[in-house]
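Chains as they are written, first to last, in full-length UniProt numbering: chain A, 1 to 389; chain B, 1 to 579.
If you're looking for bench data, these hints aren't it; they were derived computationally from the structure. One or more hints might be untrue.
Unchecked claim - Here are the simulated DSSO-like pairs of lysine-lysine, each with C-alpha atoms no more than 30 Å apart in a straight line: (1) A:LYS272 <-> A:LYS197; (2) A:LYS245 <-> B:LYS437; (3) A:LYS272 <-> B:LYS280; (4) A:LYS272 <-> B:LYS323; (5) B:LYS437 <-> B:LYS280; (6) B:LYS470 <-> B:LYS7; (7) B:LYS470 <-> B:LYS323; (8) B:LYS138 <-> B:LYS113; (9) A:LYS300 <-> B:LYS280; (10) A:LYS335 <-> B:LYS279; (11) A:LYS335 <-> B:LYS138; (12) B:LYS279 <-> B:LYS388; (13) B:LYS7 <-> B:LYS280; (14) B:LYS113 <-> B:LYS280; (15) B:LYS437 <-> A:LYS197; (16) A:LYS112 <-> A:LYS7; (17) B:LYS148 <-> B:LYS280; (18) A:LYS7 <-> B:LYS279; (19) A:LYS197 <-> B:LYS274; (20) B:LYS279 <-> B:LYS148; (21) B:LYS470 <-> A:LYS112; (22) A:LYS335 <-> B:LYS323; (23) B:LYS279 <-> B:LYS7; (24) A:LYS272 <-> B:LYS274; (25) A:LYS272 <-> A:LYS245; (26) A:LYS272 <-> A:LYS306; (27) B:LYS207 <-> A:LYS306; (28) B:LYS388 <-> B:LYS470; (29) A:LYS300 <-> A:LYS335; (30) B:LYS274 <-> B:LYS207; (31) A:LYS272 <-> B:LYS279; (32) B:LYS148 <-> B:LYS138; (33) B:LYS274 <-> A:LYS112; (34) B:LYS113 <-> B:LYS279; (35) A:LYS335 <-> A:LYS272; (36) B:LYS138 <-> A:LYS112; (37) B:LYS148 <-> B:LYS323; (38) B:LYS437 <-> B:LYS274; (39) B:LYS7 <-> A:LYS335.
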Amino acid sequence: MRDQITKYTGKLLADRSASADGIAFAAQDDTLITAGAPELAALAGNTLSRLNSLALVAARPSLPFADFLIARAGQGEECIVPQDTETRTFLHDIPFLRRQDLVDDPAPVLAKLLGNRKGVIVEGVGIVAVGAITVEQAFINYSSVFHSTFVKYLQDVLADGFRLPGEREAFDSFRREWLRPLTAAGLDFIGALSLEKEEILAEIERVGRYTVERGLVDSFFGNISATAGELIYISQTAASLDELKGCIDPVPADNSSTTGITASSELLAHRKVYEQTGARVILHGHPKFSVVMSMLCDRKRECAIKDCWKDCPHVRNLGGTPVVAGEIGAGGLAKRVPPVIGASGTAIVYGHGVFTLGREGFGEAFAAMVDVENFCREEYFRQVDRIKA
Amino acid sequence: MFGWTGKLLHVDLTRGTCERREIPIDILHAYLGGRGLGVRLMRDYFRLGPFDPDLPLIFAVGPLCGTNSPTAARLACVSRSPLTGTIYDCSAGGRFAWRLKAAGLDALFITGKSQQPVFLSIQGERAELHPAQSLWGKGVKETVAALKEHGSVTTIGPAGENGVLFANIMMGEGNSIGRGGLGAVMGAKGLKAITVQGDGVTGVADKDRFDAARGDVMRLFRASPVIFGELGIAEYGTPALVDLMAQRRMAPTENFRSTFFAESGNYSGPAIRKECGAKKEGCYGCPIQCKKASAAGEPLPEYETVNHFGALNGISDLHAIVKANSLCNELGLDTISAAATLSAFGEARGRFPDAAEVASLLADIAYRHDQGELLSLGSRRVAELLGKPELSMSVKSLELPAYDPRGAYGMALAYVTSNRGGCHLRAYPISHEILRKPVPTDRFSFSGKARIIKIAEDVNAAVDSLVACKFAFFGATLEEYGELLSAVTGVEYGPESLKAIGERIYLTERFYNCENGFSRSHDTLPQRFFEEAGSAGEGIDVPPIDRARFDEELQKYYRIRGLDVEGGFAGRNLLAELP
Ligand code: SF4
Ligand SMILES: [Zn+2]
Ligand SMILES: [Zn+2]
Numbered sequence: 001m002r003d004q005i006t007k008y009t010g011k012l013l014a015d016r017s018a019s020a021d022g023i024a025f026a027a028q029d030d031t032l033i034t035a036g037a038p039e040l041a042a043l044a045g046n047t048l049s050r051l052n053s054l055a056l057v058a059a060r061p062s063l064p065f066a067d068f069l070i071a072r073a074g075q076g077e078e079c080i081v082p083q084d085t086e087t088r089t090f091l092h093d094i095p096f097l098r099r100q101d102l103v104d105d106p107a108p109v110l111a112k113l114l115g116n117r118k119g120v121i122v123e124g125v126g127i128v129a130v131g132a133i134t135v136e137q138a139f140i141n142y143s144s145v146f147h148s149t150f151v152k153y154l155q156d157v158l159a160d161g162f163r164l165p166g167e168r169e170a171f172d173s174f175r176r177e178w179l180r181p182l183t184a185a186g187l188d189f190i191g192a193l194s195l196e197k198e199e200i201l202a203e204i205e206r207v208g209r210y211t212v213e214r215g216l217v218d219s220f221f222g223n224i225s226a227t228a229g230e231l232i233y234i235s236q237t238a239a240s241l242d243e244l245k246g247c248i249d250p251v252p253a254d255n256s257s258t259t260g261i262t263a264s265s266e267l268l269a270h271r272k273v274y275e276q277t278g279a280r281v282i283l284h285g286h287p288k289f290s291v292v293m294s295m296l297c298d299r300k301r302e303c304a305i306k307d308c309w310k311d312c313p314h315v316r317n318l319g320g321t322p323v324v325a326g327e328i329g330a331g332g333l334a335k336r337v338p339p340v341i342g343a344s345g346t347a348i349v350y351g352h353g354v355f356t357l358g359r360e361g362f363g364e365a366f367a368a369m370v371d372v373e374n375f376c377r378e379e380y381f382r383q384v385d386r387i388k389a
Numbered sequence: 001m002f003g004w005t006g007k008l009l010h011v012d013l014t015r016g017t018c019e020r021r022e023i024p025i026d027i028l029h030a031y032l033g034g035r036g037l038g039v040r041l042m043r044d045y046f047r048l049g050p051f052d053p054d055l056p057l058i059f060a061v062g063p064l065c066g067t068n069s070p071t072a073a074r075l076a077c078v079s080r081s082p083l084t085g086t087i088y089d090c091s092a093g094g095r096f097a098w099r100l101k102a103a104g105l106d107a108l109f110i111t112g113k114s115q116q117p118v119f120l121s122i123q124g125e126r127a128e129l130h131p132a133q134s135l136w137g138k139g140v141k142e143t144v145a146a147l148k149e150h151g152s153v154t155t156i157g158p159a160g161e162n163g164v165l166f167a168n169i170m171m172g173e174g175n176s177i178g179r180g181g182l183g184a185v186m187g188a189k190g191l192k193a194i195t196v197q198g199d200g201v202t203g204v205a206d207k208d209r210f211d212a213a214r215g216d217v218m219r220l221f222r223a224s225p226v227i228f229g230e231l232g233i234a235e236y237g238t239p240a241l242v243d244l245m246a247q248r249r250m251a252p253t254e255n256f257r258s259t260f261f262a263e264s265g266n267y268s269g270p271a272i273r274k275e276c277g278a279k280k281e282g283c284y285g286c287p288i289q290c291k292k293a294s295a296a297g298e299p300l301p302e303y304e305t306v307n308h309f310g311a312l313n314g315i316s317d318l319h320a321i322v323k324a325n326s327l328c329n330e331l332g333l334d335t336i337s338a339a340a341t342l343s344a345f346g347e348a349r350g351r352f353p354d355a356a357e358v359a360s361l362l363a364d365i366a367y368r369h370d371q372g373e374l375l376s377l378g379s380r381r382v383a384e385l386l387g388k389p390e391l392s393m394s395v396k397s398l399e400l401p402a403y404d405p406r407g408a409y410g411m412a413l414a415y416v417t418s419n420r421g422g423c424h425l426r427a428y429p430i431s432h433e434i435l436r437k438p439v440p441t442d443r444f445s446f447s448g449k450a451r452i453i454k455i456a457e458d459v460n461a462a463v464d465s466l467v468a469c470k471f472a473f474f475g476a477t478l479e480e481y482g483e484l485l486s487a488v489t490g491v492e493y494g495p496e497s498l499k500a501i502g503e504r505i506y507l508t509e510r511f512y513n514c515e516n517g518f519s520r521s522h523d524t525l526p527q528r529f530f531e532e533a534g535s536a537g538e539g540i541d542v543p544p545i546d547r548a549r550f551d552e553e554l555q556k557y558y559r560i561r562g563l564d565v566e567g568g569f570a571g572r573n574l575l576a577e578l579p
């Protein structure tokens, strides 16, 4: 399990979701092991040994957003309730512990909270997330919490502005220093993908790696596919985009075999998109600014619909990209995305993420996703600046 | 009280009495229902032999039963298995569980032995025993039809009456209480059937909280390719696994001599749909509806059944497999043990049975005619009596289902640590080793598996006590089911507290077994898996399992469980520590 801990420590560093000197893991097989920043490691070990689970990560996020959300929360509130799909589906809500509620040894309280949830936030300490059966699962849960708090904080800033001392400065430094330009420049793609299995698999793996390396999406969230005649090659459910080797299922277009039962939950959406657009490849991920902007709706006040994320019938527009509602998997996403994606080659799903197409290969799909996210990023800051002005 | 009724019906077949009794609330809180409650109620009886008249046969529902909780209209049947000698439980769906709850009962506790065959009828508050002489000897369909106006029916077939060691108890709607031979326990009591009718409702403490939790569960079902995906079990039933297991080279073939059957495509999910016009069926009130029935309404076989009547016996004819399944249902035989016993017998005599022979042998088994007398004892005893004990592919005498342990090391470990013997449904590592839920693990590695198996056994003991369906957990987790449970009962539960309950149940079972003579020597796989390789192919190698590594991981498992090196309790009286 040590190798797993090393690996996921590396991933937290690479995606810059945790501070370099603030990462610790604990894992238990027949014995408990801990690794990483000493204080956090002690906390991780003490907490995990109280849980009937395999692994735990305790890390200080590289951005103070989670702490700001706690500080901005009203008295008496005990959890943060983000509106993105990640949270709605997998986290439900994110409990937190306030600084003033921390005692000498917060492990027992923390274990109690983690007894009911996959991840919690400890103000001034960081995000603590548990993996029921693998170290990877702890990392995934950390990423989900980080993603959700990032998205919610950006939403809240847009809605309510800055309210705490130091908040504006931290936000500005996030904007200037943490964020990096997002570009597809300098990446190699096969121009027109052949029908060769080996080529297709290799290209899907490479594109997956690019999405993570370029900071477009976090490794765990998204899926990728390509068609070749009677087959759809699609990444498997719960696969990391940057580690797709051996995790791509060939699925017959006529459902004559069920080996694809392990394929991504968006298989149906991909299949329908291919049927309706004739595209060769599809790229899907959850870039953060697109997620934030997809949930902005100027009709919210007068609209009678409550569950916008799945019930909104309108097609909105973000820089030429249609935005639709829709639930993961057997929900409405497979119904709503295919009809709108053909025209622009891009679509955004409310609170969820971006789908893009390539007619011949992944170059087009990748560049399109970068463009969508860049547009949303710029639009976001334009709106923030307008509020500030 | 919300969720529970707090009542059990004690039926004493020797004295012919039926009596409602209170179940202490603390016991319900600590063991939930279903498997947990049944196992707890066995505390004073677990040493009794499986055919001892005083041995209880327990049917227990859970606190979610009777509510709109997804997949929870189920019950557990608990007793001691005549096949394995272990404590035994099995979860089953069907209308019966829901009706039992509606009759105001959390459990049925049946002891004694009737001189004449009887059936038990429960009509709300009223419970009576009726003569069943005229039904004795009848098949399942006829019995169910004869008793239908009394409500939901559960019954044994000829196999249970005749003491076949792997006889099932059949639920009238096509579900079964399978594997361990509890049908023979019921038969030995002279109890042919139970009917139940009721109109009570299960109260829900917090309706809004319940609705929110149910919404969370349904969202996770929709996000799970295994459940609601277009190639998932709601579409194709468990035979959706046929193609996958073939591709992964872990489909047990010819008594586990190999792990790939070239003709398995004949009985894959899509093939069954095409050939049999499969339509959706399922347990009462379940949104998944994973069971399939033919156009004529005949239940179609599950994955384990198609593989075992198929590859395991070298049979590729789908219609013969469907027929074998229907025959087992009609006679009240467990399909996995029946097919695996035929396969072991086939290898021992040098020829696997063909399709026609399977049908006649199944009937012989149920009536214990000719070779059926021998075969009715299950593969372990058959192989021993034929002088080839190594040919029984079983653990603790329970025949292994259709997941070759050489293809998934968590599964290998889970088979031997299962308290009821070689069963895939206890730790259910197929979920992560094959289906990637909740996250994937490396199937050809033992690393971390001892802890993973331990945790999963605890989780599933809780699931079996709720009583929810394992398939729900390809999407949802104890987080959402804990919410449902808290909302229904008004008592706070979460994943950790539920796992603690599961651990209590698991250890109690292990303790009963140890007291009855089970130990490390029983926690092992058939030799074949350590010596012979499976079928390689598609770039996958299936070597024999490394025994040293296996033993090392088993010892780790014991340590994690707090057991001694022999897998025992080191003189500790566990029961004295538990509620
Ligand atoms: S998923 Fe299938 S077995 Fe489980 S409760 Fe539903 S119908 Fe029954
Ligand atoms: Zn997505
Ligand atoms: Zn709207």
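We went through each hint and held it up to the structure:
no. : hint                  : result
1   : A:LYS272 <-> A:LYS197 : 21 Å, holds
2   : A:LYS245 <-> B:LYS437 : 18 Å, holds
3   : A:LYS272 <-> B:LYS280 : 23 Å, holds
4   : A:LYS272 <-> B:LYS323 : 37 Å, violated
5   : B:LYS437 <-> B:LYS280 : 24 Å, holds
6   : B:LYS470 <-> B:LYS7   : 26 Å, holds
7   : B:LYS470 <-> B:LYS323 : 27 Å, holds
8   : B:LYS138 <-> B:LYS113 : 20 Å, holds
9   : A:LYS300 <-> B:LYS280 : 40 Å, violated
10  : A:LYS335 <-> B:LYS279 : 24 Å, holds
11  : A:LYS335 <-> B:LYS138 : 51 Å, violated
12  : B:LYS279 <-> B:LYS388 : 42 Å, violated
13  : B:LYS7 <-> B:LYS280   : 35 Å, violated
14  : B:LYS113 <-> B:LYS280 : 39 Å, violated
15  : B:LYS437 <-> A:LYS197 : 27 Å, holds
16  : A:LYS112 <-> A:LYS7   : 28 Å, holds
17  : B:LYS148 <-> B:LYS280 : 23 Å, holds
18  : A:LYS7 <-> B:LYS279   : 46 Å, violated
19  : A:LYS197 <-> B:LYS274 : 29 Å, holds
20  : B:LYS279 <-> B:LYS148 : 24 Å, holds
21  : B:LYS470 <-> A:LYS112 : 25 Å, holds
22  : A:LYS335 <-> B:LYS323 : 39 Å, violated
23  : B:LYS279 <-> B:LYS7   : 38 Å, violated
24  : A:LYS272 <-> B:LYS274 : 23 Å, holds
25  : A:LYS272 <-> A:LYS245 : 25 Å, holds
26  : A:LYS272 <-> A:LYS306 : 27 Å, holds
27  : B:LYS207 <-> A:LYS306 : 19 Å, holds
28  : B:LYS388 <-> B:LYS470 : 35 Å, violated
29  : A:LYS300 <-> A:LYS335 : 23 Å, holds
30  : B:LYS274 <-> B:LYS207 : 42 Å, violated
31  : A:LYS272 <-> B:LYS279 : 24 Å, holds
32  : B:LYS148 <-> B:LYS138 : 15 Å, holds
33  : B:LYS274 <-> A:LYS112 : 51 Å, violated
34  : B:LYS113 <-> B:LYS279 : 41 Å, violated
35  : A:LYS335 <-> A:LYS272 : 8 Å, holds
36  : B:LYS138 <-> A:LYS112 : 55 Å, violated
37  : B:LYS148 <-> B:LYS323 : 24 Å, holds
38  : B:LYS437 <-> B:LYS274 : 28 Å, holds
39  : B:LYS7 <-> A:LYS335   : 48 Å, violated
Of the hints listed earlier, those the structure fails to meet are numbers 4, 9, 11, 12, 13, 14, 18, 22, 23, 28, 30, 33, 34, 36, 39, in rising order.
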